[in-house]
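There are 2 protein chains.
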Amino acid sequence: MNLEERVLQLRTRLGEICDVSATVSMLHWDQQTYMPPKAGEGRGKQIATLSALRHRLFTSSEMTHLLESFRDDLENLPDDSRPLVEVTLYDFDRDAKLPEDFVQELAQSESNAFEAWVQAHERSEYSIFQPHLEKLVDLQKRKTDYLGFEGESYNALLEGYERGMTTERVSAVFQEIGHAQSELVQAISETEPPSYHWLAQVWKQQNQWDFGMKVLSDIGYNFSSGRQDLSAHPFTTTFGPQDVRVTTRVHEDDLFSALMSTLHEGGHALYEQGFEEADERTFLAEAASLGIHESQSRMWENMIGRSLPFWEHYLLYFRQSFPGQLDSVDAIDVYKAINRVERSLIRVEADECTYNLHVILRFELEREMLSGNLKPRDLPEAWNAKIEKYLGIPVPDDANGCLQDVHWSSASFGYFPTYALGNLYAAQLFEKILEEIPDFWSHIESGDFKPLLSWLRDRVHRHGRRLTTPEIIQQATGSELESQPYINYLKNKYEPLYGISENPSIATLSPSEGVGISTRGSN
Amino acid sequence: MNLEERVLQLRTRLGEICDVSATVSMLHWDQQTYMPPKAGEGRGKQIATLSALRHRLFTSSEMTHLLESFRDDLENLPDDSRPLVEVTLYDFDRDAKLPEDFVQELAQSESNAFEAWVQAHERSEYSIFQPHLEKLVDLQKRKTDYLGFEGESYNALLEGYERGMTTERVSAVFQEIGHAQSELVQAISETEPPSYHWLAQVWKQQNQWDFGMKVLSDIGYNFSSGRQDLSAHPFTTTFGPQDVRVTTRVHEDDLFSALMSTLHEGGHALYEQGFEEADERTFLAEAASLGIHESQSRMWENMIGRSLPFWEHYLLYFRQSFPGQLDSVDAIDVYKAINRVERSLIRVEADECTYNLHVILRFELEREMLSGNLKPRDLPEAWNAKIEKYLGIPVPDDANGCLQDVHWSSASFGYFPTYALGNLYAAQLFEKILEEIPDFWSHIESGDFKPLLSWLRDRVHRHGRRLTTPEIIQQATGSELESQPYINYLKNKYEPLYGISENPSIATLSPSEGVGISTRGSN
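Residue numbers (my numbering), protein chains in the order written: chain C, 1 to 523; chain L, 1 to 523.
Looking at chain C on its own, in the form it has when it is part of the complex (with noise of 0.2 Å):
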């Protein structure tokens, strides 16, 4: 075959190995929503098989001798498919490393590990969890030892989420972010604690669900190529370019938790939404990696959705969805509200100031108990022990501690490094957004998302893997991966909202001056 020919074997190929994960996708999506109770453990099976299809498929003796056969002739593939070959050799070279009954053992053990999660989540048994850990710590270092590493063993993990990226060079991020971040919580702990006692009503379920899907519709998340539903622990997850996918949770008793979690997963399904279609069944149509993937999410959920001018926008709306609840309510209210800091236990409620420390306790965890410094067995106290030194408060109990994230369930150590990355990254990309997008508040105000779509859907989105995220970032902002911007932002949003050191205090500017987001003085 000449080379063109086997650039089409490889597509066809591909094709039918990217049918295969949006099928164990879909398994998954189908058992956090709408699977029947007693159907969890035929449908780990179900995962477990498919999931070692995909990967005989992947590394079949045919899909082998196609993938070294380009290895001697890269140079000579045209510019259109070389990305393409690239990225499945990066790919290849990693998952032939696996044998196929350990992929198969792994998926059935993050099953059962998955179904125990819900269990020991729900009443708080840490000990219905604690032996399906130890199974998925096993299997991880054995995980390691196939794909082999330099330094710390926790860089062959966090490589699959984060290519490029080392254990020590996150270390030393989280230093400086973590050392920043516990100062201006310090400090925002010493100001005078404000109140909102209009947060203390019940939010209609249905009028908070009907809010949510309005914004996710304004955004520019497309709903014929798409749907949200409801799961206990919300996701996005694909199918396809035309199925993309987003899920929330709604609770009564709060007003904000369901509307920011919709904004969340739509920044990240704005991304997947966003790939180029002639990439559509490749390993193109992925994102560059999960940090810069969190990176949308997070600007959509804070950058915007906590910014004032987007509630400058929304107020009237917001007001009318929740008939008499919100009349004395103007946008600086919510602005301040949504902007509450505080120390507490659940990492996916924290706020912008504290949130990365939760996750740097947890990139602290998982590389003991990768390294065998840490017994699972002992994970409970360690858990504890860090968020009183990070946040100074008790743990009641392990459903609000170290059992509270589905993550370790399925095996994820070197992920959760990936959200504060998130955050870094957004920073990065926002500064540059405010300098490029002319006017950018008043288009936020006017409820025009479109230029920070198309902002994004250039730099980042139409890039897939074609480019990785230290090249988005390069090209983007001219800079590598940096702490400073979002240290940057977090001060320049948090000081004049807390009154603290030189800034003016909020309560001194009015709207029109756009409160809280002075980062537009960098414009």
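Be careful, since some hints might not be right.
Any copy, or any two copies together, can satisfy a pair, since identical chains are not distinguished.
Said to hold, decoys possible - Here are the simulated DSS-like cross-link-like pairs (lysine-lysine), alpha carbons at most 25 Å apart as the crow flies:
(1) 336 <-> 204
(2) 450 <-> 38
(3) 38 <-> 214
(4) 450 <-> 214
Read the hints as simulated data drawn from the structure, not as lab findings.
We have chain C; now place chain L onto it with these hints.
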């Protein structure tokens, strides 16, 4: 490997294949319930890929080798694994005849045809669907060539749905029931047409849904291992013994359509929830045939759901479900309304007396298209002529004519006859049930469906494919397939209802005499 090890290996491989089949079912389920509008094309590719993969797994050289090794060993197999090997060999001998690329092409064409059918049906534009039907008819012809057949080529397809049944036998039985039912319908049409003004109300969809959910639960459907959703065309699908799902549709101008479809699919689902746990993830945990499957849905829908004792039980709750709308309606009124006989256009809404006539015309058209005597382009004309012949009514448009059913979009020639066979099996089984379950109708009248479900579990469900349909019918009733029990059932029910012949008119009977259930006489 010794025999025991080979059986174990077979079970492992079948488990994988069943997982892939379940996944294909899930892709279909989602396509018809929750899938976003634009995702159809991608979904088609996924279904095609997974169908081809299933085929590849089942006909792999490893599987072929394994299965062939059993052929001379069938006598040596222990009793608990012989049926498993036999059924698997039976399927293998059919599937192995189909090349993988044919399977993939068929699955892909079906998905495309389904999408086209949805549009064609919506707009009532046959031309949208015609090229797809042409393609599918060609593919079905090729399929019969691959499979081989004795007598008419239609036999090759019929065998796929109704093992052991022949076109000749179906044709003969259809003549008997066609003749008897035409006569009965003619006699009914000569009586004074009853009117049911009270039906012409708006029936709140939520209330219909709630009522259906209660009935579904009452008859024994297990919601821990299943769920009901909405879809345009109701269906039952199974992803495993603990995940058997049904769908329905709700029309606010039709009081009974949703409930009857729920009972119908519920009957299918009770069958699937009744397979032996030990047969899980093998081909034994499947229906013996589609005809016997349909006998279960028909029994719950018609013999039970359209009986007077059923409505005597539910009347109060029914009234409460639609406050103020049914106060002057009693059980006999419902019984009469729900057993209206009317020559009408839509098969799925047809009554028990005309239903088989709809099936017979489809059976005839399929045979003609497969033999080439009827070209797909001439289908609408041929359809309309047959409706005129069998039902004496004009067809206003193709949506109410040859586009009404989804089935031909999934290339399922040979499927329709099983609907009528289901009616016949149901009547044969029901005759026996009335003989063997003491005070049968008192149980129904008091809402106790357990004796019926237990009987069906014992005589039909638990066997899965351990017995063939002829064996099930023979063991349960002592007879072969017969048309007379269904003809008797219809006459005994509808002649009194319409005051025909020597049977007393229903109007002269009181509910306590068990009107319309004169088959009780055979008790």
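Alpha-carbon proximity between residue 336 and residue 204, which holds within one copy, between copies, both or neither at 25 Å: Intra 22 Å, inter 43 Å, cutoff 25 Å: intra-copy only.
Given a CA cutoff of 25 Å, do residue 38 and residue 214 count as a within-copy pair, a between-copy pair, both, or neither? Between copies only: 20 Å across chains, 34 Å inside a chain, cut-off 25 Å.
Between the shortest in-copy and the shortest cross-copy C-alpha distance, which are at most 25 Å for residue 450 and residue 38: within, between, both, or neither? Answer is between; shortest inter-copy Cα gap is 22 Å, intra-copy 44 Å.
Indicate which option fits the pair residue 450, residue 214 if close means a Cα-Cα distance not exceeding 25 Å: within, between, both or neither. The answer is within: 15 Å in one copy meets 25 Å, while 48 Å across copies does not.
In summary, this structure violates none of the numbered hints.
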